[in-house]
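Asker: Use these hints to put chain B with the ligand onto chain A, whose structure you have.
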Amino acid sequence: MCLGIPGQIVEIVDPEKNLAKVAISGIRREVNITCIVDKDHPVNSCLGEWVLVHVGFAMTRIEEEEAKKTLALLQELGEAQKELESMTSTIK
Amino acid sequence: MKYVDEFRDPNLAKSLVREINELVEVIEFSKQRPIQLMEFCGGHTHTIFRYGIEQLLPKCIELVHGPGCPVCVLPMGRVDDCVSLAQRSEVILTTFGDAMRVPGSKMSLLQAKADGADVRMVYSPLDALRLAHENKNREVIFFALGFETTMPSTALTVLQAEADGLDNFSLFCNHITTVPIIESILNTSGMQLDGFVAPGHVSMVVGEKPFNFVAEKYKKPIVITGFEPLDILQSIWLLVKQIAEQRAEVENQYARVVASRGNRQALAAMERVFELREFFEWRGLGSIDNSGIRIKDDYARFDAERKFAVPNIKITDPKSCQCGDVLRGAIKPWQCKVFAGACTPETPMGALMVSSEGACAAYYNFGSLPDLLALKLARENQEALP
Ligand code: SF4
Chain A
1 MCLGIPGQIV EIVDPEKNLA KVAISGIRRE VNITCIVDKD HPVNSCLGEW
51 VLVHVGFAMT RIEEEEAKKT LALLQELGEA QKELESMTST IK
Chain B
1001 MKYVDEFRDP NLAKSLVREI NELVEVIEFS KQRPIQLMEF CGGHTHTIFR
1051 YGIEQLLPKC IELVHGPGCP VCVLPMGRVD DCVSLAQRSE VILTTFGDAM
1101 RVPGSKMSLL QAKADGADVR MVYSPLDALR LAHENKNREV IFFALGFETT
1151 MPSTALTVLQ AEADGLDNFS LFCNHITTVP IIESILNTSG MQLDGFVAPG
1201 HVSMVVGEKP FNFVAEKYKK PIVITGFEPL DILQSIWLLV KQIAEQRAEV
1251 ENQYARVVAS RGNRQALAAM ERVFELREFF EWRGLGSIDN SGIRIKDDYA
1301 RFDAERKFAV PNIKITDPKS CQCGDVLRGA IKPWQCKVFA GACTPETPMG
1351 ALMVSSEGAC AAYYNFGSLP DLLALKLARE NQEALP
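As given, the protein sequences belong to chains A and B, one line each in that order. Using the working numbering, the first residue of the first sequence is number 1, and each one after it goes up by one. Using the working numbering, the first residue of the second sequence is number 1001, and each one after it goes up by one.
With the rest of the complex left out, here is chain A (with noise of 0.2 Å):
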């Protein structure tokens, strides 16, 4: 829940609604991206980036290599799985 998990936003969904959807080691996942969205960075801007998601919510941009230590760390540490399980069983 607090760690979070590192994903490449894919699709935008709903710019009017900041949806998108995020691309999770071969899990597609749609996500609110509100929290990486401003003036600066648009809704369509947001495509092709790397963000970490949080229950849902893309928190904010990483880089891509980052990303990629990020989600070999969580795996080590048994987190991905777990993370990607519940984002696919749910909702029980």
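Derived by calculation from the structure, the hints in this document are not laboratory data. C-beta atoms are modelled at their ideal positions from N, C-alpha and C, and glycine is treated no differently. Fair warning: there could be bad hints in the mix.
Take a look, some chain B residues computed to stay more than 12 Å from chain A by CB distance [said to hold, decoys possible]:
(1) Ser1015
(2) Phe1227
(3) Asn1263
(4) Asn1290
(5) Glu1357
Chain B side only, calculated, beta carbon under 8 Å to chain A, not exhaustive [claimed, not checked]:
(6) Tyr1123
(7) Pro1125
(8) Gln1160
(9) Gly1190
(10) Ser1260
(11) Gly1262
(12) Val1310
Every beta carbon over 10 Å from chain B, so not counted as near; a handful from chain A, in silico [stated by the list, open to error]:
(13) Gly4
(14) Ala23
(15) Glu30
(16) Asn32
(17) Val43
(18) Cys46
(19) Leu47
(20) Glu49
(21) Gly56
(22) Gln75
(23) Gln81
(24) Ser86
Answerer: What follows is chain B with the ligand alone, placed relative to chain A:
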């Protein structure tokens, strides 16, 4: 060196450890008492145990595992309230996986679900919102918890519910805020903390400024820290360096994620939806002023506590449970009498056993085998006494 090979850059780890060892030499007081550093965040606790970071450090550095696991500090009475909400026939109660296992005084949400309550695990509050759209004849309640890391997500979800014109969605809000708890720890009498490893992702939202008081008012060094084992090692080095040089400053080791002014959009959403509660109960720590978060009057219709009557009964923690002492760093997890006996991750008695981020569960899962064996022996000898 024991675990250092597992680090992504073993040489950097080694040189950090060497420098830490050199620095503690010049810290005079470390010859009389340990240098106590607190990592506040449960994510850090997890990494520290997973990588055996304590074993790499000189003996005179003691890591105290703080109360920064939001699931762990949730008081029993709040879990009971949540169970009572879940048991209403019109309610679909949604929450994160970890929260489902926290013991209440009678049962956890998982047990309530087994007994027929409609409790659903979600990954995001947005999933709860979707459920509300799909089930217009039911009330969907999201059991919201966490520090500033998750607060923006619930605030934005409420704003979205408002924009969507939903009237069957509400929050059972149990968010807590970081600064008052750090201040209350610093004010605890007999507490001798020499520095703080500050939470990285809380800081990503709030920025550096809220931590200034630690350095300015309490004259303690504090370093905002990432979650890689190397991040933590580097922060410990920064802290020890400050102590050796008799400085007390806020430093940001995690600048690659934490902007010094935090996240403006997240803060704005929180500001719109939430306000401080005058006091809020923490499991094991009692009531702490201004540490809880509730929904502002403007958004009262999204507040489950105002929509439904919750029993709101205060339940004291079981006597044998020493979570409070562990959280304050007064005892180590294994010194609690029920540790690994009546209290295990499978049957948690105290909250620190529930989530892998709790100090007791971390110790149980990753504590060194000799320690656990010694504990078992000591217990057996004790039980053999008349
Ligand atoms: S062993 Fe259990 S009861 Fe004791 S402090 Fe840890 S979590 Fe609390």
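Asker: Output the numbers, in ascending order, of every earlier hint that fails for this structure.
Answerer: Hint check: 2, 3, 5, 9, 10, 11, 12, 13, 15, 16, 21 and 24 fail, others pass.
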